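4 protein chains.
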Amino acid sequence: MEMDNRTTQLLTRYQSTRKMSRDIAEPLQPEDQMIQSMPDASPTKWHLAHTSWFFETFVLNRYLPGYQPYAPEFAYLFNSYYNQVGPQYRRPQRGLISRPTVAEVHAYRQYVDDHLQALLRTGWADPAGLQLIELGVQHEQQHQELMLTDIKHGFSFNPLYPALVTREPERGSASTQHWLTYAGGQYNLGYDGPDFHFDNEGPRHQVLVPPFKLAQRLVTNGEYLDFMADGGYHNPLLWLSDGWAWRQQQQVEQPLYWQQADGQWQHYTLAGLQPIALTEPVCHISYYEADAFAQWSGKRLPTEAEWETAAGSLPVAGDFLDLTRLHPAPAPAGDGLQQLYGTCWQWTRSAYSPYPGFKPAAGAVGEYNGKFMCNQLVLKGGSCVTPRGHVRPSYRNFFPAHAQWQFTGIRMADDA
Amino acid sequence: MEMDNRTTQLLTRYQSTRKMSRDIAEPLQPEDQMIQSMPDASPTKWHLAHTSWFFETFVLNRYLPGYQPYAPEFAYLFNSYYNQVGPQYRRPQRGLISRPTVAEVHAYRQYVDDHLQALLRTGWADPAGLQLIELGVQHEQQHQELMLTDIKHGFSFNPLYPALVTREPERGSASTQHWLTYAGGQYNLGYDGPDFHFDNEGPRHQVLVPPFKLAQRLVTNGEYLDFMADGGYHNPLLWLSDGWAWRQQQQVEQPLYWQQADGQWQHYTLAGLQPIALTEPVCHISYYEADAFAQWSGKRLPTEAEWETAAGSLPVAGDFLDLTRLHPAPAPAGDGLQQLYGTCWQWTRSAYSPYPGFKPAAGAVGEYNGKFMCNQLVLKGGSCVTPRGHVRPSYRNFFPAHAQWQFTGIRMADDA
Amino acid sequence: MEMDNRTTQLLTRYQSTRKMSRDIAEPLQPEDQMIQSMPDASPTKWHLAHTSWFFETFVLNRYLPGYQPYAPEFAYLFNSYYNQVGPQYRRPQRGLISRPTVAEVHAYRQYVDDHLQALLRTGWADPAGLQLIELGVQHEQQHQELMLTDIKHGFSFNPLYPALVTREPERGSASTQHWLTYAGGQYNLGYDGPDFHFDNEGPRHQVLVPPFKLAQRLVTNGEYLDFMADGGYHNPLLWLSDGWAWRQQQQVEQPLYWQQADGQWQHYTLAGLQPIALTEPVCHISYYEADAFAQWSGKRLPTEAEWETAAGSLPVAGDFLDLTRLHPAPAPAGDGLQQLYGTCWQWTRSAYSPYPGFKPAAGAVGEYNGKFMCNQLVLKGGSCVTPRGHVRPSYRNFFPAHAQWQFTGIRMADDA
Amino acid sequence: MEMDNRTTQLLTRYQSTRKMSRDIAEPLQPEDQMIQSMPDASPTKWHLAHTSWFFETFVLNRYLPGYQPYAPEFAYLFNSYYNQVGPQYRRPQRGLISRPTVAEVHAYRQYVDDHLQALLRTGWADPAGLQLIELGVQHEQQHQELMLTDIKHGFSFNPLYPALVTREPERGSASTQHWLTYAGGQYNLGYDGPDFHFDNEGPRHQVLVPPFKLAQRLVTNGEYLDFMADGGYHNPLLWLSDGWAWRQQQQVEQPLYWQQADGQWQHYTLAGLQPIALTEPVCHISYYEADAFAQWSGKRLPTEAEWETAAGSLPVAGDFLDLTRLHPAPAPAGDGLQQLYGTCWQWTRSAYSPYPGFKPAAGAVGEYNGKFMCNQLVLKGGSCVTPRGHVRPSYRNFFPAHAQWQFTGIRMADDA
Ligand SMILES: [Fe+3]
Ligand SMILES: [Fe+3]
Ligand SMILES: [Fe+3]
Ligand SMILES: [Fe+3]
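Residue numbers (numbering that gives the first Met the number 0), protein chains in the order written: chain S, 0 to 415; chain Y, 0 to 415; chain B, 0 to 415; chain L, 0 to 415.
Any given hint could be a false lead.
Repeated chains share a single entry, so a pair holds when one copy, or any two copies, can fit it.
To be verified - For lysine to aspartate or glutamate, the following DMTMM-like pairs were computed, each having C-alpha atoms within a straight-line distance of at most 20 Å:
(1) 358 - 334
(2) 298 - 366
(3) 358 - 241
(4) 298 - 1
(5) 358 - 198
(6) 212 - 222
(7) 18 - 321
(8) 298 - 229
No lab work stands behind these hints, which were simulated from the structure alone. Just so you know, these numbers come straight off a predicted model, no measurement behind them.
Could you put together the complete structure from these sequences and hints?
Structure, rendered in structure tokens:
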């Protein structure tokens, strides 16, 4: 039997996505792939195995007759948080698991790839099964971003400041910020099209959005330095109560990865330690910092509805994942919204709550999104380490307010 | 000069509110008023002083010419979190402050009362000043509820189980739950009338509410025991991810204040240790527990908009603060929504976020509400320890998802 | 039947000791007696009850026929750490127990006093029972010292700096330190006489002591300020490894209770906040600080054997507990060892280990000393808050190296 | 110029010691050498680099003219705790340092080896320098033991239970314990011979030792299981106060690495997960457990003086490090003390305190031992992972009472 067109396309995307994970890990030494620098981050090696476990557990175990899992312990070691399929190795201890080695993990990946491709080539086309493969591809793309944010976090503790890419810092000063005005009205939020989307993006529903303004581009390092120079980190009146407590307890005085040397600000990037470039967007910003900056500016952060209606049907274009760069770029010249996609995830002031009528996906993959709908905020737009083609206007990324290690920046908003 | 009508009414409310605080503390020994059982709770004595500090700081210091603060250190000791008026004594250490004693705190209260009444009797009627007195009265009412929740929490650690009231536990089984259906539509949310309201209740704005259903009454202890008997506390699939982590780390196996003795469930109440009554509403429930219970029931918690539009213009009546009871009562028989006000605060699934166009109140009292708009959920309706007359449909109470020590219960909702 | 002479003396000592506890608590308000400022400290009220529980549990329950305990819950609430007689209320939560109130605790004390005196007046003279009464008296004396150290610690958190006594600070500079040389040899250590002593003071046994020198008096505040001025708190080479870790983690930069105001050092004392007096002995010093100071001086701390053999048969005289002073006094002029007893407990470099052949006392009171023989250091000599008559040359006080809240000072030693 | 005899011997020992470190690491993958499973343990890779840093810092930098350190950052990364030579990378984060990789660390080792051998071959024979090389060799031997204890600890968290050796578990039951009696008297303690010894082993000095008894062999797993079966882990009367608190807080219910499966006790060893062998000595025992076991047996642990005088001039023979075994062996048949050396480190009840007249070694290496003389206990005899030739009767190993991850066992003692 032959694969139909759609299956062929899926197989191609499966293959290129799997290859991208290998490409990301390629410049890393086995030692690098062991680092777990905080409970929220995972070793590269674990990401490589977990994404394979996903296909094994949700596709091969169910749909490939006679499939033998590669190793029984992997069901436990590489399950992240799916209680429905079994217990999980303790997350904060992933960095202690030296075996399977990197080489063994790649053998595991190959084993899963071989079986999954064999399954597809049989002409098998169970719709639910194909959807799970699609979900697995999207899932692996999400972990590709995490591989990069986690290795950056891990490397940042090394005084040798390892570099994965070569890149010259930008020159010049920040350009003037401009504002765009939106009329408000009744809009549809969320996704209802035929293409892949996560369960949390639906159901599509109507909302009322008052008139508002959005900043044309993201806040730059130069502007953020003005906030710092004005005592932004030491004025409690600018901060949310929880944010001020966090700032004090963690002794936060500058963005993550920034340090001062000889009176000059530098930051650790995946190109090594570099001087701060004024025109680049400020990045690795917590919600608390983003909100304090907006307060200081006399503005506010956008709601998810504002961001999504402003994005409307603009093309999903921007500086997405490029393994030769791995750093957000300054805004280009031009009219209209800049840096909407790629560059930096943009914090919204909207809590990550279920949309009206939201139902988690059926089965174990229903644990994917719904159970995280508490104590998190929505981020929109993707970043410079988000794989191209992964996001949409309705895409809802979410992190707690203190998270800094993602490529997160600030888009400001205001009442119109 | 004479007081106008409005000022006279304000003075009367000031006096009765101040008296209520004394009445609440009256059965307490000086030793009781020292207890601080967790950083979130404060000693009774501190509440008595802090509510007076509020009037001193925001009214007397500004509006009464020549006013001498009672004691300069109190500006530091009894400031809760108003950075704009100065530094604050460390909150978790309030239980270490034995001086001023209870008697001295009452002398402080008297001093503030004397001066504030003298100010009002001069015929002074600065509108902003009168508003601040009104705010101080409302603020003291909020602290009255906290005095009772905090002393209950503190007493619960004492194996002698001190009782403030005498009360017989209810008998009988839980009545059947009924459901009411609401049509949905475009509604106004928030307050815009002439009477007192907090800044966070506005601006009034339009929202779209899909059709929904609300449970007629709160969830009972009997129903909650069914959830427990069905393994509710040990099934991670029912819980939010953060909720499950909280449950495991805190080893939560039953509602706060519950304990099992001789195979029977009992709970600590302000009438001492008592058997669980099946018809009473389950109380002292965290958001995590409320959400897990709703999941188990195949329902969900209401949004703030659903609760507020259902409340509509129903009378604000219910079992509010009664110093002879201090415990939530079973639902009465009857049609329509029961236990809407008083009884137990009802968790909504709505994050405590600013309404569109929200602006904090001007001046230092702007720190009252806005800076807490992160990581909290809205609760509606008031409880059996909320002073009568304090709440409205638009009233927004807020606590983090793990909070249990308030009189919080569960109203279920569903899609229609 | 009549009491014999020894019983009469015991009764007298019982009565005066019980009275001393009341005298210590007399200037305290009920609120003061609730403070628990750290797990190691207890509320005054708890000390008052626990010392009575000791007589009730170990004497009245066993020896007074038909004795009814005052309240059954007290067996649990006021047991400190005697596992053999039952479980204990959690130590860090003693500050939450407002009931029994101070007045009720005094009624409890009276009840115990009445019964114990009645027992003695029957002519009962069971030798083991009388020994337990003697132990109870000594035990209460130990708690008298703790009542004062704990209330000082608790009051120190209050910016009103409550004072229990009135006292003028000393003037003048520190006198020159002198050194006394001892020949060394074979000595007996520990106690073997007929009078009361704790089990940990025996058995008496022989030790070899090399020649050594002792400083004539304790280290003064003036000398300690020299250490601080020379960067003593910032030079890791002076500190034990654990000490440096403690200093960094706790951010210790000066002795407990010291603070700088307007360029002047002050310290909280039981006479309120006062300027540092240069001639007074430095007090509230951890072992880590004492050791670092000695290192800086090119000296060392004495061993227990050195201290005890130097004390030899010198009279046990010094500035012991005086309720009008509660503060260590400067060394008087004169030859020979000064400030040997009273003034400040003197850290030795000797671990608190069992003497050869040590056997804990029989029964539950065997939990008194032996189980603490790990991770503690021996202190000798008593302090200005130790009841007169309580200590001996062989007396072994013990605290962990980080403890600061006792009246602890520094006697230096050196090899001869 | 030629090397003299002593230098030639030193070079040989240097070479064989350096080779042993490589041999220990040889079966490990690069990933394995990254594991840091607790702050007290270090990655294999770090041990390999740190022991080289020691030679570079204390020998090559000082004595080899024109020596260029391999990499300037290593002075910071691989300094453990020598404040005198500079700051140190944070110990708990050693597991985050993936670069230098294992291969680079071996290149560093080779570089140091080349230069150190070149230095020695010049005929240079500075006595202080040669002593530092000797110290470096002894230091590397200590780290060889730590490499094995640390990798065992790290591997134990992996459900795959990696094995470095193949070994069959022992069969049979525990033999009867016998006791040897010693007369006591005046003895010399410590070392004063011409050979290498650590500063903490001196000065040699006289002590009085009362008569005592020692158990002929170490406590076996079989005997320890009796203690467990008798409720040893749940009887607070057997435990030191700190020990009981540790046991409760850490929920210790069996020795480290033990687990029960199907009603059978197993333990993780460097040969993988194996059934408990009754005749083997119990191992990985904290001081708290050792003391509780001795209490339960009606015995006690020996003092350092008892152990050292009993060892007297017995040959230093036993089951020392053997890379094909890595596990303690049962006691052989025979008279006299068994398992005195090798097998398991034996806890003494003696605090790790300075000997009378102790002076730390001059210079930075004076930080080696003296600053740890607080809150630790002395262990004697070496273990099955101690390099042969490393220990002496006077050798003083030391760990805090809660440490379990060393190969520590129990030798009991008693009063005679
Ligand atoms: Fe995942
Ligand atoms: Fe307040
Ligand atoms: Fe006691
Ligand atoms: Fe070392």
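> Between residue 212 and residue 222, at a C-alpha cutoff of 20 Å, which is it: within one copy, between copies, both, or neither?
Replying inline: within (19 Å within a copy, 48 Å between copies)
> Is the C-alpha distance from residue 358 to residue 334 at most 20 Å within one copy, between copies, in both cases, or in neither?
Replying inline: Answer is neither; intra-copy 39 Å and inter-copy 31 Å both fail.
>> If the cut is 20 Å between Cα atoms, do residue 298 and residue 1 qualify within a copy, between copies, both or neither?
In response: neither (58 Å within a copy, 45 Å between copies)
>> As a check of your reading, is residue 298 near residue 229 (CA-CA no more than 20 Å) within one copy, between copies, both or neither?
In response: Within one copy, since 16 Å is at most 20 Å while 50 Å is not.
>> One pair to classify: residue 18 and residue 321, alpha carbons no more than 20 Å apart. Within, between, both, or neither?
In response: within (14 Å within a copy, 45 Å between copies)
> For residue 358 vs residue 241, is the C-alpha pair at or below 20 Å within one copy, between two copies, both, or neither?
Replying inline: between (31 Å within a copy, 19 Å between copies)
> Which holds for residue 298 with residue 366 at a C-alpha limit of 20 Å: within a copy, between copies, both or neither?
Replying inline: between (36 Å within a copy, 17 Å between copies)
> Under a CA distance limit of 20 Å, which applies to residue 358 and residue 198: within one copy, between copies, both, or neither?
Replying inline: within (7 Å within a copy, 34 Å between copies)
Of the numbered hints stated above, those contradicted by the structure are hints 1, 4, listed in ascending order.
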